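The listed protein sequences correspond, in order, to chains A and B. Counted from 1, the first sequence has number 119 at position 136 by my numbering; the numbering is strictly sequential. Here my numbering = 1-based position in the second sequence + 1.
By construction, these hints were calculated from the structure, which means they are not laboratory data. Owing to the predicted nature of the structure, the values given are computational and were not obtained by experimental measurement. Glycine included, C-beta positions come from ideal geometry on N, C-alpha and C. Incorrect hints may have been included.
Unchecked claim - Just a sample of chain B residues kept apart from chain A, beta carbon distances all over 10 angstroms, derived:
1. P11
2. Y12
3. N22
4. R25
5. E49
6. A53
7. L57
8. G58
9. T71
10. L82
11. T86
12. S97
13. I98
14. A102
15. G112
16. Q114
What the hints assert, rightly or not - Below are the BS3-like pairs computed for lysine-lysine, each with C-alpha atoms no more than 30 angstroms apart in a straight line:
17. A:K177 - A:K152
18. A:K36 - A:K96
19. B:K10 - A:K81
20. A:K177 - B:K30
21. B:K45 - A:K119
22. A:K35 - B:K45
23. B:K36 - A:K46
24. B:K105 - A:K177
25. B:K109 - A:K13
26. A:K81 - A:K35
27. A:K160 - A:K177
28. A:K13 - A:K119
29. A:K160 - A:K75
30. A:K13 - B:K28
31. A:K171 - A:K155
32. B:K10 - A:K13
33. B:K28 - A:K171
34. B:K10 - B:K91
35. B:K10 - A:K36
36. A:K96 - B:K10
37. A:K152 - A:K75
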Amino acid sequence: MAHAGIPDMIEIDELNHATILWNLHQRYFKDDIYTYVGPTLLAVNPFMALDKKYPPSVIDDYKQIMMAEDNYLEVMRKLPPHTYAIAAYAHKQLIVTKTRQAIVIAGESGAGKTESANQAMAFLTSLGIKNIDKSKGDLAVRILSTNPVLEAFGNSRTARNDNSSRFGKYIKLYFDKDDGLCLGAEIKNYLLEKSRVIGCTAVERNYHIFFFILRGAEIAAA
Amino acid sequence: MANADGTRKPYSAFRYLATCNDMRTFKDKDGNDVKESMEARDIKDYAELAAAFVSLGFPQAEIDAIHDVTAAALHCGELQLDPSTFDDGKANTPVSITSTATVKQIAKLLGIQDY
């Protein structure tokens, strides 16, 4: 019988490499890919879609954190760990403390940083949008549409990851300080791996876009 | 990108992409390794990209220009140089390009006047 695993590792009496890895291992095999260490979230890439465990509707569970009064930390701790909880916590802190918040996503190649960032963006834009200029279309859709564009030109296939970001990005989301609705987004890109345009090793691919236009463009045009 | 007769050029026709590894391995429901070309995914992702360009509000002329520049980069990988004209920078003379058709194609895509 597998141990249930501990959702917040701060509660482990004896914290060391072995206990941390053992706990993550126990949880990973139950598809519990998220684990807290205090205010930090550890996400382990499942390398598959976990639609059963995390259906799109879970996004609404984490909106309780936004609805909560001063006890939002308790509400957050009662829910299973998730990227959405971190995004919700950051947004709640933004409203409560009126100070800027940052979510730092770090990890090695293929760890799931890009997906985590997309999840956080999806959550934050789902909270409500102030569409100032309606003629340009739905702002939430436009903010999320930046991802496929940046990934087509800036992502490639590496030995370890079929969709590896070959650039860093800094996404700024602006929110109204009173009602917390999203006002817009700004993205800064850093350090694209330019050498890949010239060529890549045999186990990798060049940037997705070259394959996209060779394989997809004609069908779309026809 | 079509040939003159309207057929599709495979990516491997481009020397520049020919060495890339296009096969991905994944596990099926029974845990067996399956190898698959990324083609189906590329086609799906291209459709997503095309839709994203539109929802971001790119005018068609800009979308076309982005395609043209990307295609030009692809054709740049096909340029052939004449090694007999290469002098290691001693005489400071330019190296000749033998594939003039490719140059014309690149110039056309980038909107540079025919020389």
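Consistency of the hints with the structure:
Not every CB of chain A is more than 10 angstroms from the CB of P11 of chain B (nearest about 8 angstroms), against its label as outside the interface. Taking the minimum C-beta to C-beta distance to chain A, about 5 angstroms, the non-interface status of Y12 of chain B is violated against the 10 angstroms cut. Separation of N22 of chain B from chain A is inadequate, the least Cβ-Cβ distance of about 5 angstroms not exceeding the 10 angstroms criterion. Distance check for R25 of chain B against chain A: the nearest CB is about 6 angstroms away, which does not clear 10 angstroms, and the non-interface claim fails.
Not every Cβ of chain A is farther than 10 angstroms from the Cβ of E49 of chain B; the closest lies at roughly 5 angstroms, contradicting the non-interface assignment. Some Cβ of chain A comes within 10 angstroms of the Cβ of A53 of chain B; the nearest lies about 4 angstroms off, and the non-interface call is violated. Not every CB of chain A is more than 10 angstroms from the CB of L57 of chain B (nearest about 5 angstroms), against its label as outside the interface. Listed as a non-interface residue, G58 of chain B fails to keep its Cβ farther than 10 angstroms from every Cβ of chain A; the least gap is roughly 5 angstroms.
For T71 of chain B, the shortest C-beta to C-beta distance to chain A comes to about 6 angstroms, within the 10 angstroms cut-off, and the non-interface label is violated. Distance check on L82 of chain B: its Cβ is at least 15 angstroms (rounded) from any Cβ of chain A, clearing the 10 angstroms threshold; non-interface status holds. No Cβ of chain A approaches the Cβ of T86 of chain B within 10 angstroms, the least distance being about 21 angstroms, so the stated non-interface status holds. No Cβ of chain A comes within 10 angstroms of the Cβ of S97 of chain B; the nearest lies about 21 angstroms off, and the non-interface call holds.
No Cβ of chain A approaches the Cβ of I98 of chain B within 10 angstroms, the least distance being about 17 angstroms, so the stated non-interface status holds. The beta carbon of A102 of chain B sits about 19 angstroms from the closest Cβ of chain A, which is more than 10 angstroms, so the claim that it is off the interface holds. G112 of chain B, annotated as away from the interface, keeps every beta carbon of chain A farther than 10 angstroms; the closest lies near 18 angstroms. A cut-off of 10 angstroms between C-beta atoms confirms that Q114 of chain B is not in contact with chain A; the least separation is 24 angstroms.
Between K177 of chain A and K152 of chain A the alpha-carbon distance is near 15 angstroms, which keeps this suggested pair within the 30 angstroms criterion. Our distance criterion of 30 angstroms between C-alpha atoms is met by K36 of chain A and K96 of chain A, whose separation comes to about 20 angstroms. A hinted pair counts as satisfied when its Cα atoms are at most 30 angstroms apart, and K10 of chain B with K81 of chain A does not qualify at roughly 56 angstroms. Simply put, K177 of chain A and K30 of chain B have alpha-carbon atoms about 38 angstroms apart, too far for the 30 angstroms limit, and the pair is violated.
Taking the CA atoms of K45 of chain B and K119 of chain A, the gap is about 25 angstroms. The hint holds against a cut of 30 angstroms. For the proposed pair K35 of chain A and K45 of chain B, the alpha carbon gap of about 23 angstroms is at most 30 angstroms, so the pair holds. At roughly 40 angstroms between alpha-carbon atoms, K36 of chain B and K46 of chain A are farther apart than 30 angstroms, so this suggested pair is violated. As the CA atoms of K105 of chain B and K177 of chain A are separated by approximately 25 angstroms, the hinted pair is consistent with the 30 angstroms bound.
Restraint check for K109 of chain B and K13 of chain A: the C-alpha separation of about 56 angstroms exceeds 30 angstroms, so the hint is violated. Between K81 of chain A and K35 of chain A the CA atoms are separated by roughly 37 angstroms; this puts the pair beyond 30 angstroms, and the hint is violated. Using a Cα cut-off of 30 angstroms, the hinted pair K160 of chain A and K177 of chain A is violated, with the two alpha carbons roughly 39 angstroms apart. Using a Cα cut-off of 30 angstroms, the hinted pair K13 of chain A and K119 of chain A is violated, with the two alpha carbons roughly 44 angstroms apart.
Between K160 of chain A and K75 of chain A the alpha-carbon distance is near 11 angstroms, which keeps this suggested pair within the 30 angstroms criterion. Taken as a hint, the K13 of chain A and K28 of chain B pair is honoured in the structure, with Cα atoms around 18 angstroms apart against an allowance of 30 angstroms. Between K171 of chain A and K155 of chain A the CA atoms are separated by roughly 8 angstroms; this keeps the pair inside 30 angstroms, and the hint holds. A hinted pair counts as satisfied when its Cα atoms are at most 30 angstroms apart, and K10 of chain B with K13 of chain A does not qualify at roughly 45 angstroms.
Using a Cα cut-off of 30 angstroms, the hinted pair K28 of chain B and K171 of chain A is violated, with the two alpha carbons roughly 36 angstroms apart. For the given pair, K10 of chain B sits about 40 angstroms from K91 of chain B by alpha-carbon distance, which is inconsistent with the 30 angstroms threshold. A hinted pair counts as satisfied when its Cα atoms are at most 30 angstroms apart, and K10 of chain B with K36 of chain A does not qualify at roughly 42 angstroms. Distance restraint check for K96 of chain A and K10 of chain B: the Cα-Cα separation of roughly 34 angstroms exceeds the 30 angstroms cut-off, and the hinted pair is therefore not satisfied.
Annotation: proposed proximity of K152 of chain A to K75 of chain A holds, straight-line Cα distance about 23 angstroms (limit 30 angstroms).
Consistency note: the structure conflicts with the earlier hints numbered 1, 2, 3, 4, 5, 6, 7, 8, 9, 19, 20, 23, 25, 26, 27, 28, 32, 33, 34, 35, 36.
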